[in-house]
Amino acid sequence: MAVAFIQEFAIVERDTSTTNYDSVTQKLGLHDAASINGLIAHSAGFDHSSGVFRIFDI
Numbered sequence: 152m153a154v155a156f157i158q159e160f161a162i163v164e165r166d167t168s169t170t171n172y173d174s175v176t177q178k179l180g181l182h183d184a185a186s187i188n189g190l191i192a193h194s195a196g197f198d199h200s201s202g203v204f205r206i207f208d209i
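Residue numbers (the numbering used here): 152 to 209.
Just so you know, the hints here were simulated from the structure itself, not pulled from any lab data. Take the hints with a grain of salt, since some may be wrong.
[What the hints assert, rightly or not] Per label pair, the in silico range of CB-to-CB distance:
(1) Leu190 to Glu159: 17 to 25 Å
(2) Gly189 to Val163: 27 to 35 Å
(3) Ala161 to Ala185: 13 to 21 Å
(4) Glu164 to Ala185: 15 to 23 Å
It should be emphasised that the depicted structure is a prediction, and the values quoted were computed from it without experimental measurement. Glycine included, each C-beta is placed from N, C-alpha and C at the ideal position.
All chains should be built: construct the whole structure from the sequences, respecting the hints.
Structure (structure tokens):
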């Protein structure tokens, strides 16, 4: 059974850099989504109208 997981982080002081996201992705070895067992889809980006950085995984 597929499970969706959504994470949202508030945009603080208009900071729309991806430094933290990129660093965690690299340190965990997640830069190649095809290598993650069971991952169907991954999406991450800014939702400026809601004021969040959202990560969505299935």
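_Enumerated hints in conflict with the structure, sorted upward_ = The structure breaks hints 3, 4; every other hint is satisfied.
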